[in-house]
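Single-letter residue listing:
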Amino acid sequence: MKRMNRKSLGLWIVLLAACAAVPFVFDPENSYIVYFLFMAFTYVALSQAWNIVAGYTGQVSLGHHAFFGLGGYVIAILWSRELIGYLDPVGMLAAGCAAAILAIIVGIPLLSKLRGDYFALGTLGLGEILRLITVQGGAFTAGPTGILLPSSSFNTLTPHYLIALFLAVFALCVTWYMARSKIGLALVAIRDDEAAAAASGINILKFKVLAFAVGAFLAGLCGALQAYYLFHVEPQGFYNLNWTLYPVLMCVLGGAGTLSGPVIGAVFLCAVFELAKYALPEIHPIFSGVLIILAIMFVPKGLVGLKLSPMRGRKKGAVKISEPS
Amino acid sequence: MKKSRVASFIGVSLLSLAAFFYVSSASIAAEKKEIVIGTPLPVTGVLSMEGNEQKWAYDQAIKDVNAKGGIFVKQYKKKLPVRLIVADAESDPGKAAAAVERLVKVDKVDLLLSSFTTNLVLPTSVAADKLKKYYHATTLFPELWLPQKFKWSTLFFFSVVKGAEVPFKVLGSIPEADRPNNLALLMEDTTDGRGLGGALEAAAKKYNVPIVLHEPMAVGAKDYSALILKLKSKGIDAVVMFGASQDCITFVRQMKEARLDLKYYHGYKGTWTADVANALGKDVQYVLADGFWSEDFPYPGAKELGKRYFKQFNKRSVSVGLYYSLCQILWQAIEKAGTLDGQKIRNVVLTTQFKGTTMGDVKYDQEGVALFDLGAFQWWNGQLKTVYPFDMSGGYKVKIAPPWDKR
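Protein chains in written order, with the working numbering: chain A, 437 to 761; chain B, -4 to 402.
Bound conformation, chain B alone (with noise of 0.2 Å):
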């Protein structure tokens, strides 16, 4: 190819790519008839299980929502439908950043709505910051976001803090006799891994409970027998791991395979899928997991959501209300804002006490974070069982994994 045509080609390229997003953008920006939320949800990749579960629920509240003609926006004196736009994180920072980018650039959202985990919501929060557009985030912990002060978002989680002693109370609860005494830590690599870890000592300390051994963990190893070993030989019969639902799945099979007798095995982000509950097949009982939510919860349309997961995919899901709840508060943020200005509708959010959500009541404090109580379940004859809170488990109380030759 000669160098004039390579050059030709390269401008001619350019150009039509330029034509495009020009065309795509002004095409969208001509009239206002919808409400267009973005989401940079991870789609593919590593996290492409929980982003999915993530979008069910998006789209749920969304549906739900238009089904009612969709939310009165003053500004525009009518009801506007909700449309959704999910563009792919990739399970990679940069490219969530890169979503964000895409989102607000070239399909025009008004608004945005959260990412998953740390390593998502961290980079597209300050995406959001830099293009100042209100980002709705959750699933990030406020100890990290909270240093950021950032200006252009809001985040509805947990604290680590806090999140860390549920095993602590679910542990205190039960009878001393059968209790078991010697507990182990196995932390996932990863920032989240990290600082649940250095919670959980912390909140090991103030329940009194002596952690054995503290270990971290490769994300996607796929042998476990050294660290299983290392286990037995300490006589650990407690487990609190942080870990990918591949690695837990893997972690399972090989602590069945080497007899490692544990009473209590509790998972975090990675035992709470029905993924989980398939590969492990009647091996997933007993098996605890994190979650942030149950259709147990006595909150209003709980239950009813609850039902559409079970009655779609056959299993319970931990998360999709919180999801569900995270856009009930943007539809009320937006309706009682009266704009679709994102600094507006932040600031109803910061001032405004939420109700009736699938998540209960929510407020935000003036720094932008508003926090619920990580839950505990328990998988028991296919299902997860609510287990912490202890007021919301329905009379359900942990059960302690007998050995495996006797199951």
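In isolation and in its complexed conformation, chain A is listed as follows (with noise of 0.2 Å):
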């Protein structure tokens, strides 16, 4: 390995280390910095899989959020039923494998025939299909008053922002290893020029399916865990489309197809919502709005394409799509 890499690699470690310590530091009941971050991890979750699939793949999905509503939805149905626990393994994983099915559902036709805008609108609708199913689903989904949990279950934040972490640090490293395997050879392949990629007999649907479902199922696991953090899940605010474009504004200002961009994107916007809201709660999606524009006219490459040079630190064999070291 060489001295940089190390370096990074330490700097990573002790950043990870850092963060772990945070709700042991800060009291979680008292101080707002253990919230902050428990959303940023989240974001940085959700960000990275809609990265997988839109900024390693080619295909802009608008429909993260009918995932993360799915996901959050498993949760209140099995829990409510007692099938599950509070802040259940086993219920997280089935959350994250009902959305990845869906997604295979969903994208096995949608991706065979659908492409660039008219596969956004298809995944668009995906959203609004999932939560009117969900308004009329009688009992079983507690139609639009949606489902109470036993909020009486929570005693601290701690496990939650753990929980996050890990699913930030889960996500960085199912891209990173997407991205440095044959899987993400064929997916910059597709996502640069499907043509070539059909002819150099790379199977397009199989991967562009395979990333779908893995975005779905990192965006079913957040879903779960603000399922087990709010213990009301509804239609309104689980199948908001906003848990869609925000990970795609922290995606592509932070700097899409790259490892580290969501991760950059997500803490940079949440930081920027949060001072906004506490300095100007009512116009502060001005402010953010009017940000985000000029982020994106100025550095339209991501804030991690700041000093990107594209050619810097390619190895051979491994697909340049992460930023260079």
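The hints are simulated quantities; they were obtained by calculation from the structure and are not laboratory data. All C-beta atoms, glycine included, are put in the ideal place defined by N, C-alpha and C. There could be a bad hint or two in this list.
[What the hints assert, rightly or not] Partner residues are not named here, just some residues of chain B that face chain A (Cβ under 7 Å, in silico):
1. T39
2. S43
3. D83
4. P88
5. G89
6. K100
7. L117
8. P118
9. K125
10. D184
[Claimed, not checked] Over the 12 Å line for every Cβ pair with chain A, so calculated as not near, a few chain B residues:
11. E85
12. A92
13. T113
14. F136
15. T245
Combine both chains into one complex, guided by the hints.
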């Protein structure tokens, strides 16, 4: 390992250890930083989920809120029927798998027939379909009221925080692994030139669906965690388009198709949103909106691309899709 | 950007944020000179119109109590002024819960005042319970609130079962010869719409009024022509509708264009705001609205508050008295408890009769719920006239709407 890589790895480990120590240094019941980071890590995982589909594979999905909402509902339905418990890993896994299965079922027809804007619009409809199904779901989904979960289970935010941190790291590792493997080569080939990739023998649909399902799995996990935090899973909040739009913004602002772009974008935008709400409570959307426009105008390749040198540090056999070392 | 720089950038950003939140919290916690009340109101998004009206009422109540020197708190042996901090709930349940986190953890508020409507009040009640901060709530049906057995909040609102009886009482007050016969329910497809729809069906049975049509409506629909045709084909002459202001405005405009002549149009939630009157102009005449309060109510301060609202907005409000009285109850409870301890204040709320509020005398039960009667109002010459409760209408009786071409 090169000296620079070791240094970089060391810094990441220190950062991770520091993040893991936060709820033990700050009181999670009184300190806002714990809650802020909990949400930021959730958005890191969500942004990374979208990044796999759009940033690496070039398939712009606007349906991640559908997978997020489904993850939340899986937890709510299973927990309200006492099939799982509070912060149950089995429940979270079930939520992720349900989202991934839905992505495969929907992805096969959508990804084989639709491209570009049409695929984006197709996925956009998915969230609305699921929301309506949930609203009309009667006793099974508790209709528009949603499912209320036993909030008396809540003692501290620490486990939520650590799970969110785990999800963010897990999403990073999954993306890193996919980017470094042959899967990553295939995904980038599809993104850059689908016809050429097909001519090279890459099974286009298989890899597209794989990326879509992995992204959905991560989004489902995030939805599950949010359900465990809010204790009230209802269609308006859980199938809210913001669960797609914010990660898209974070990913684009940080740098789509890079490993650290969504991390930077998520932390940066969460901080901007929070500070704007704190300083300008009634006009914060205007401030945040202007800042996003300015950032996209002046840093079109994302914050990670500020000093990006595209050809530096490329490894033989590795895909140049994360920022160079 | 190099990987090491990325890690450093993220690390420095997180440290800066930690320092910001720590410093802001520490400076707030330093000295007790005021009572800090937080409220997760929707000041942006689809509920901002209602949220801002609620904020206006809270501001008035705080201005009035501070004009008297504040609230005497025995624990501090002095009167403390009240300061309101609004955290934007962004009309979104998740954001509303986050707003409570911010109020409690960053702003270090002493107590929480209500957000607006079921979708926001329910998650904020959950958040208040989690963070163990007293939440003085309203605008949520007790039928939804009670099963949760919240330990850190109380609720002051009307029962959906009783509230659903109001249109039938008003219809029953119309002379039989003029009374509409074919009633339709048009209910927004939301928690409140569904809940109210079911309660209206039950009330219709109780009052022996047949419901000819019961249709759900999507929020934000732009075209009601198919629905209006359906209403015409079934000979509907009375509609009770639950919808947002914009939906009610669109419906009335298209109803006029399609010449659907309703004798009675009673809107829940969406027909009482000043914006509806401004948007519909003279077509708002005869439209009925639900409402929590009126300046016509014979309660202390009601007329004065109504005048203040009229002076600023040139319209009457049917809600601000509720929010103002919510504050009055809280001020009395703080003074009686002699402390800012949330549990002690809640216990006082449960055991005290609060006198002289703009909603009259208020008494909570042991489960933490206080009820009031929902009102009905009719737009008449640009103002909302009280129709129900009948004993507070000042002699005004509901008027039947003539066909559009005879107006």
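Here is what the structure says about each hint:
Against a cut-off of 7 Å between C-beta atoms, the interface hint on T39/B holds, since the closest Cβ of chain A lies about 6 Å away. Contact between S43/B and chain A, as hinted, is not supported at the beta carbon level, the nearest pair being about 9 Å apart and thus beyond 7 Å. Of the supplied interface hints, the one on D83/B holds, with its beta-carbon coming within about 5 Å of a beta-carbon of chain A, less than 7 Å. For P88/B, the suggested interface contact is upheld, since its CB lies about 4 Å from the closest CB of chain A, less than 7 Å.
The criterion of a C-beta within 7 Å of any C-beta in chain A is met by G89/B, whose closest approach is roughly 5 Å, and the hint holds. For the restraint placing K100/B at the interface with chain A, the shortest Cβ-Cβ distance is roughly 4 Å, inside the 7 Å limit, so the hint holds. For L117/B, the interface hint holds, since its Cβ comes within 7 Å of a Cβ in chain A; the closest pair sits about 6 Å apart. The criterion of a C-beta within 7 Å of any C-beta in chain A is met by P118/B, whose closest approach is roughly 5 Å, and the hint holds.
Taking 7 Å as the C-beta cut-off, the interface hint given for K125/B holds, the closest approach to chain A being about 5 Å. At its closest, the beta carbon of D184/B sits 6 Å from a beta carbon of chain A; the interface hint therefore holds under the 7 Å criterion. Listed as outside the interface, E85/B is inconsistent with that label: its C-beta sits roughly 8 Å from the nearest C-beta of chain A, within the 12 Å cut-off. The Cβ of A92/B sits about 6 Å from the closest Cβ of chain A, inside the 12 Å cut-off, so the non-interface label is violated.
Distance check for T113/B against chain A: the nearest CB is about 8 Å away, which does not clear 12 Å, and the non-interface claim fails. With 12 Å as the threshold on Cβ separation, the claim that F136/B sits away from chain A is violated: the shortest Cβ distance comes to roughly 10 Å. At roughly 20 Å, the least C-beta separation between T245/B and chain A is larger than 12 Å, which holds for a residue marked as non-interface.
Of the numbered hints given earlier, the model fails hints 2, 11, 12, 13, 14; all others are met.
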